[in-house]
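Enquirer: Listed below are the residues making up each chain.
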Amino acid sequence: MDIVITICSGFFLLVGSFLCISGGIGLLRFPDFYTRMHAVGVTDTLGAGMILVGLMILSTDFLVFAKLVMVLLFTLLIGPTTSHVLAKAAFHNGVIPKDSNNLRQTEEKENTSSIL
Amino acid sequence: MLIGLFNDWIVVILMMIGLYIVIAHGNLIKKLIGLTIFQTSVFIFYISMAKVDGGTAPILADGITQYSNPLPHVLILTAIVVGIATTALGLSLVVRIKETYNSIEEEEIQQQDNEEQLSMNKAEENA
Amino acid sequence: MIDIVLLTLLVVVAIAIIRMKDLFAVVMLTGIYGLLSASFFVAMDAVDVAFTEAAVGAGISTLLMLVVITMTGRKEKPTRHKPFSALFVVIITGGLLIYGTLDMPYFGSADAPIHNHTSPRYINDSMEEIGIPNIVTSVLASYRAFDTFGEVVVIFTAGIGVLTLLCVARSKEYEAEVESINDSMHQQHLVIRIVAKMLIPFIFLFALYVQFHGDFGPGGGFQAGVIFASAIILYAMLFGLSTAHKIINQTLIQLIAALGVLLYGSVGIVSLMNGGNFLDYNVLSSNPITGQHLGILLIEWGVGCTVASVIVVIFFNLAARRAFQQHKKQAQDKESSAC
Chain A
0 MDIVITICSG FFLLVGSFLC ISGGIGLLRF PDFYTRMHAV GVTDTLGAGM ILVGLMILST
60 DFLVFAKLVM VLLFTLLIGP TTSHVLAKAA FHNGVIPKDS NNLRQTEEKE NTSSIL
Chain B
0 MLIGLFNDWI VVILMMIGLY IVIAHGNLIK KLIGLTIFQT SVFIFYISMA KVDGGTAPIL
60 ADGITQYSNP LPHVLILTAI VVGIATTALG LSLVVRIKET YNSIEEEEIQ QQDNEEQLSM
120 NKAEENA
Chain C
0 MIDIVLLTLL VVVAIAIIRM KDLFAVVMLT GIYGLLSASF FVAMDAVDVA FTEAAVGAGI
60 STLLMLVVIT MTGRKEKPTR HKPFSALFVV IITGGLLIYG TLDMPYFGSA DAPIHNHTSP
120 RYINDSMEEI GIPNIVTSVL ASYRAFDTFG EVVVIFTAGI GVLTLLCVAR SKEYEAEVES
180 INDSMHQQHL VIRIVAKMLI PFIFLFALYV QFHGDFGPGG GFQAGVIFAS AIILYAMLFG
240 LSTAHKIINQ TLIQLIAALG VLLYGSVGIV SLMNGGNFLD YNVLSSNPIT GQHLGILLIE
300 WGVGCTVASV IVVIFFNLAA RRAFQQHKKQ AQDKESSAC
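So the protein lines, in turn, are chains A, B and C.
Just so we're aligned, residue 0 is where the first sequence starts under numbering that gives the first Met the number 0, counting upward by one.
Just so we're aligned, residue 0 is where the second sequence starts under numbering that gives the first Met the number 0, counting upward by one.
Just so we're aligned, residue 0 is where the third sequence starts under numbering that gives the first Met the number 0, counting upward by one.
Excised from the complex, chain A in its bound form (with noise of 0.2 angstroms):
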């Protein structure tokens, strides 16, 4: 029993890693803001996630295991809201998407009202 738990959190642990350094890659690879973002804000959540259920799978204490719990809760809220707001903050200053010859972005960039 105590084998199977140590190679189940152990995978859990391994994927979350390995998807924390893919988004690392794609942070450094991909060619523009939005997609850059996108790389990171995915893999960061899910490979948090992974690693925080490989340490769930080990704990002993009841305590522990519900203080990991609620810090996957708010992870799993955090993760994604930080990428939104990431994504509007740039949109709205004027970051354009790299390959976009889409007349409508650019009119609707227009309209938005500027913030004191």
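Since the hints were made in silico from the structure, they are not lab data.
Hints are not guaranteed to be accurate.
Claimed, not checked - What the simulated footprint calls covered on chain B by chain C, stretch by stretch (three residues with Cβ under 8 angstroms from a Cβ of chain C suffice, anywhere in the stretch; the number is not a length):
#1 9-20
#2 36-50
#3 63-71
#4 98-105
To be verified - A few chain B positions that, by computed beta-carbon distances, are all more than 10 angstroms from chain C:
#5 Gln-110
#6 Gln-111
#7 Ser-118
#8 Lys-121
#9 Ala-122
#10 Glu-123
#11 Glu-124
Glycine included, every Cβ here is placed at the ideal spot set by N, Cα and C.
Put chains B and C on the given structure of chain A with help from the hints.
Expert: Coordinates of chains B and C only, in the frame set by chain A:
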């Protein structure tokens, strides 16, 4: 000896990087950031002195015999909080300097002060 | 092993801070620097210090610097001359310091002089004399309470200094104008406002948990104060400064900052009146251990109040100064276009 003294040498390198930023850069905010790097290097120095091989965090628990030294942790807690206090005060001084001189580069501020001093001397001579 | 990797990353980030000219990137790198040093402190078993550094160095410090660079400009002007004399001074000093470290005890040795004088007394006698598991809290709040008193007064003085430098008087019609803009922006910031509304109660609850759990694990007054202030700052950033002014009364916050320091000093004076030394908690109650617990609870409460309110005061004044500058610039532009 490299592994034993590695932490201390990294501390000296970080301290010198912080000192270089304070001396050589003209921008006031860059100087404040250099000061922060200097402070953090001193924290790293104290905390790496406190670590004992085979010890754990200094929170008493059953079955642990060796604890890391808690005294430098207390000193560095105070130092971190004092550091943020002085950084906040320095930042508000930078805001006021920007409002008065319209620049936060050291050379431009010095130039404006010199010109003002020259014009005051000339006004005194004429009066 | 992991501390060697973290220290090397710290040096790389510091060299990147020297080389970059964009102040926004430099402030973000400073935040990363703070987070890396917090991870290093965890690897060194300094959990209380790591908590404080993560909250203060990677959180509040980055935020305050970002608010200031919106006011002072984002680019650094390159220097006209090459700083060879500065490099020379730095290399000479660094060489002398490295020569000085050759006599230091090796990393992790248990017989270094630092471990042999006062620390064994703290580690061995803390449980009988004070009775709480966290030795760092017992040293900070009881054995060395006078130093912590000085620290609280330093934080309070920084708050007073920022108030003196940056205080701005607000006018009524300016408030109404900002508020109307703020309400019209609700559609634009819907997602972040709703998520923040869900999270802010939990942040407050976590701050209270850290405040009272400092006796048993990493935590205590400073970290709790910083987390409490960061929840209020999050609300102010998302919903506008005028809405936050209506909820958090400025006079009350300044009063709470002063009351925290007063509470700390009063505990000392009550100890004096009961016959002990200043900040000697044994005389606060009939049982010395209960007296110690009561004293530590009260002073941590004072520290938490002061730290939270001073950080809120500093942020509100920096942000109000920025709004005041922009308002003045708009009024000047309107005047010059009217003439």
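Enquirer: Hints numbered earlier in the text: which of these fail when held up against the supplied structure?
Expert: Hints that this structure does not satisfy do not exist here, as all of them hold.
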